[in-house]
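In the order they appear, the protein sequences are chains V and H.
For reference, each letter of the first sequence is one residue, going 1 to 106 in this note's numbering.
For reference, each letter of the second sequence is one residue, going 107 to 523 in this note's numbering.
Among these hints, one or two may not hold up.
Stated by the list, open to error - Residues of chain V clear of chain H, computed beta-carbon distances all greater than 12 Å:
id	residue
1	Y19
2	V48
3	C86
4	I101
5	E102
Unchecked claim - Keeping only pairs whose Cα atoms sit at most 30 Å apart, straight-line, the calculated DSSO-like set for lysine-lysine is:
id	chain 1	residue 1	chain 2	residue 2
6	V	K56	V	K72
7	H	K353	V	K22
8	H	K443	V	K22
9	V	K84	V	K53
10	V	K84	V	K72
11	H	K443	H	K509
12	V	K16	H	K317
13	H	K353	H	K251
14	H	K371	H	K353
15	H	K443	H	K371
16	H	K445	H	K509
17	V	K22	H	K126
18	H	K353	H	K126
19	H	K126	H	K251
20	H	K126	V	K16
21	V	K16	H	K353
22	H	K251	H	K509
23	V	K84	V	K56
24	H	K371	V	K16
25	H	K445	H	K353
26	V	K53	V	K72
Said to hold, decoys possible - Not everything, but these chain H residues come out facing chain V in the computed CB check (under 10 Å):
id	residue
27	L235
28	E278
29	N318
30	A324
31	D334
32	M347
33	S350
34	R352
What the hints contain is simulated information worked out from the structure, not anything from laboratory work.
Given the structure is predicted, the values throughout are model-derived calculations rather than measurements.
Positions of the beta carbon are idealized from the N, C-alpha and C atoms, including for glycine.
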Amino acid sequence: MTTSTKTPAPNLIPHKVVYPEKVPDNLCPVASECTTMLPGDWRAERPVVDREKCVKCATCWIYCPVQCIVEKPAWFDIDLDICKGCGICAHECPHRAITMIEEVGR
Amino acid sequence: MTAIETAITPDIDDSRYQSKTLVCDGNEAAAWGVALARPDVMAIYPITPQSSLVEYLSQFVAEGIIDAELMNVEGEHSVMSALQGAALAGARTYTATCGPGLAFMFEPYIRTPGLRLPMVASLVTRDTLTPQCVWGGHQDAMLVKEAGWIQMYCETVQEVLDTTTMAFRIGEHPDVMLPVNVNSDGNYLSYGVTGIQLPAAPLVDAFMGEKNVNWHAALDPERPMAIDPLTGGAGGPGPSMFASYRKSQCDGMQNALRVIEETHKDWGDRIGRYYSPLVEEYRLDDADYALVTIGSMTGAAKDAVDLARDRGEAVGIIKIKTFRPFPVEAINRALSKVKAIGVVDRSVNFGWNCGPVYQETLSAAQRLQRFLPSASFIGGLAGSDITVEHFSQVIEDTAQLLKGHQYDEPIWINRND
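Produce the entire structure from the sequences given, and follow the hints as far as they go.
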């Protein structure tokens, strides 16, 4: 229920909001640099790139959820410290250039 | 004129800034409230008693009244996930749900406040299963009261419209940055038809000001950042960072009390309708005892209090509009005026054998440092009506507290209907 009503004069002055000069560091959790956490030792299988088949189409680079694909002169390789072995790159590679090999002795 | 201005503004001389009279139900009123706030992305999945709200929004988008993307996703979990992405890309976002839909939305729903994403989600409140039911009650909204969303309960269809629009500005305030639930009673407000005033769009545009919802965290190639990385664990900076984020969320909630008051005041100054933003006091100043109410039941409670006043009973009403954050100071100002209270809930607190509003009110009253005799009433479950006659009985039962009577258990209002 309204407590009172009246007809105000039209006010077209836009409501102004003052934003903080610097974004507070305790608002939304965000990271602007990589953490030191390396999930490489989580891996059960490792991706291996066949350099003959790789055409550098970057499909693996686009799909990798942990951004561990490294660009080399003639092929794309994997940073195995970061790769956690999900296998998405092998699944998505249109040239079947990536194979998942079981990690042994770890 | 934009499409919404054409739709809203009556076609008479020099009336761009006049409101238009409309006869509609609460779901249509909510849709108009959304239209006035000019959202960018809406994702919404129909569920009784919210479904017609979806239909109105679809219609408004089809007619060009709302210039927004309306995403037909496959369920409420995807609704909230899609809106989080949209908000991080800078969109003003809206959805509506209730009951089992809210339950299905729960996992992404509880993340939105932590991401500090302003967003408005109407809860057209519905009792929860089981027993199987599709009718109104507050149990769904009460289930998520600790999720970190701001929650405001509406009393009238007009208030649904006004609060829905205001909610966007409240949530987007830089001192708040939290999502907002605008709660309207299923059946009673969702389908209750009344005459309302539709504010003129240019006035609401000025009220809303500039839109900027992702200044703090964004999906933006110009300023790359990873949203919501792992935070916590034992050792390192994790635990203190987690605590810092949580505290900031609690601080945002407390700031919301001030922002909700400011925003309601500015709405009144610009649009002409003033509401009690946190707690409304009705015939309370000379009251010996009071009913505490929430939501649309308050209308019948006011009628019953008027009748009791005619009989000479010194009874008033304390109506809670803002439930999250809980307005401790405002409610204690009201409670300090009376010697006993009867709290009426449309849901139950299973752990305490009482209503949740009752439990919360007593938690606040504890800071008054005096014993406040009280009774918990539970009614209006699964769409049942709390009538003026019911409230007259509630008033009679509450008055017994002044004579020293104590209630060891809640009083179930509709049990003998």
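Here is what the structure says about each hint:
Taking the minimum C-beta to C-beta distance to chain H, about 5 Å, the non-interface status of Y19/V is violated against the 12 Å cut. Every C-beta of chain H lies more than 12 Å from that of V48/V, the closest at about 28 Å, which supports listing it as non-interface. Non-interface call for C86/V relative to chain H: holds, since the shortest CB-CB distance, roughly 16 Å, exceeds 12 Å. Every Cβ of chain H is farther than 12 Å from the Cβ of I101/V; the closest lies at roughly 28 Å, confirming the non-interface assignment.
No beta-carbon of chain H is positioned within 12 Å of the beta-carbon of E102/V; the least distance is around 27 Å. Of the pairs offered as hints, the one joining K56/V and K72/V holds, with about 9 Å between alpha carbons and a cut-off of 30 Å not exceeded. As the CA atoms of K353/H and K22/V are separated by approximately 19 Å, the hinted pair is consistent with the 30 Å bound. Distance restraint check for K443/H and K22/V: the Cα-Cα separation of roughly 44 Å exceeds the 30 Å cut-off, and the hinted pair is therefore not satisfied.
Restraint check for K84/V and K53/V: the C-alpha separation of about 23 Å stays at or below 30 Å, so the hint holds. Between the alpha carbons of K84/V and K72/V the distance comes to roughly 20 Å, so the proposed pair stays at or under 30 Å and holds. At roughly 18 Å between alpha-carbon atoms, K443/H and K509/H fall within 30 Å of each other, so this suggested pair holds. Note on K16/V and K317/H: the hinted pairing holds, with a Cα-Cα distance of about 10 Å set against a maximum of 30 Å.
Between K353/H and K251/H the alpha-carbon distance is near 17 Å, which keeps this suggested pair within the 30 Å criterion. Distance hint between K371/H and K353/H is fulfilled; the C-alpha atoms sit about 28 Å from each other, no more than 30 Å. As the CA atoms of K443/H and K371/H are separated by approximately 24 Å, the hinted pair is consistent with the 30 Å bound. As the CA atoms of K445/H and K509/H are separated by approximately 11 Å, the hinted pair is consistent with the 30 Å bound.
The hinted pair formed by K22/V and K126/H fails the criterion: a straight-line CA distance of about 42 Å is larger than 30 Å. About 44 Å separates the Cα atoms of K353/H and K126/H, which puts this hinted pair outside 30 Å; it is violated. A threshold of 30 Å between alpha carbons decides the hint, and for K126/H with K251/H the separation of about 35 Å lies outside it, so the pair is violated. A threshold of 30 Å between alpha carbons decides the hint, and for K126/H with K16/V the separation of about 26 Å falls inside it, so the pair holds.
Note on K16/V and K353/H: the hinted pairing holds, with a Cα-Cα distance of about 27 Å set against a maximum of 30 Å. Between K251/H and K509/H, the direct Cα distance comes to roughly 34 Å. Violation of the 30 Å bound is thereby established for this hinted pair. The suggested pairing of K84/V with K56/V holds, with an alpha-carbon distance near 21 Å, which does not exceed 30 Å. A hinted pair counts as satisfied when its Cα atoms are at most 30 Å apart, and K371/H with K16/V qualifies at roughly 15 Å.
Annotation: proposed proximity of K445/H to K353/H is violated, straight-line Cα distance about 35 Å (limit 30 Å). A distance of roughly 14 Å separates the Cα atoms of K53/V and K72/V; the hinted pair therefore holds under the 30 Å criterion. Look at L235/H: its Cβ only gets to about 32 Å from chain V, farther than 10 Å, so that hint breaks. Because the smallest distance between the Cβ of E278/H and any Cβ of chain V comes to about 8 Å, under 10 Å, the interface hint for this residue holds.
Satisfaction of the interface hint for N318/H is found here, the shortest Cβ-Cβ separation to chain V being roughly 7 Å, below the 10 Å cut-off. With 10 Å as the threshold, the beta carbon of A324/H comes within range of chain V, its nearest partner Cβ sitting at about 9 Å, so the hint holds. For the restraint placing D334/H at the interface with chain V, the shortest Cβ-Cβ distance is roughly 5 Å, inside the 10 Å limit, so the hint holds. A distance limit of 10 Å between C-beta atoms decides the matter here; for M347/H the minimum to chain V is near 8 Å, and the interface restraint holds.
Because the closest C-beta pair between S350/H and chain V is about 4 Å apart, less than 10 Å, the hint holds. Look at R352/H: its Cβ gets to within about 9 Å of chain V, closer than 10 Å, so that hint holds up.
In summary, the structure is inconsistent with hints 1, 8, 17, 18, 19, 22, 25 and 27 from the numbered list given earlier, while agreeing with the others.
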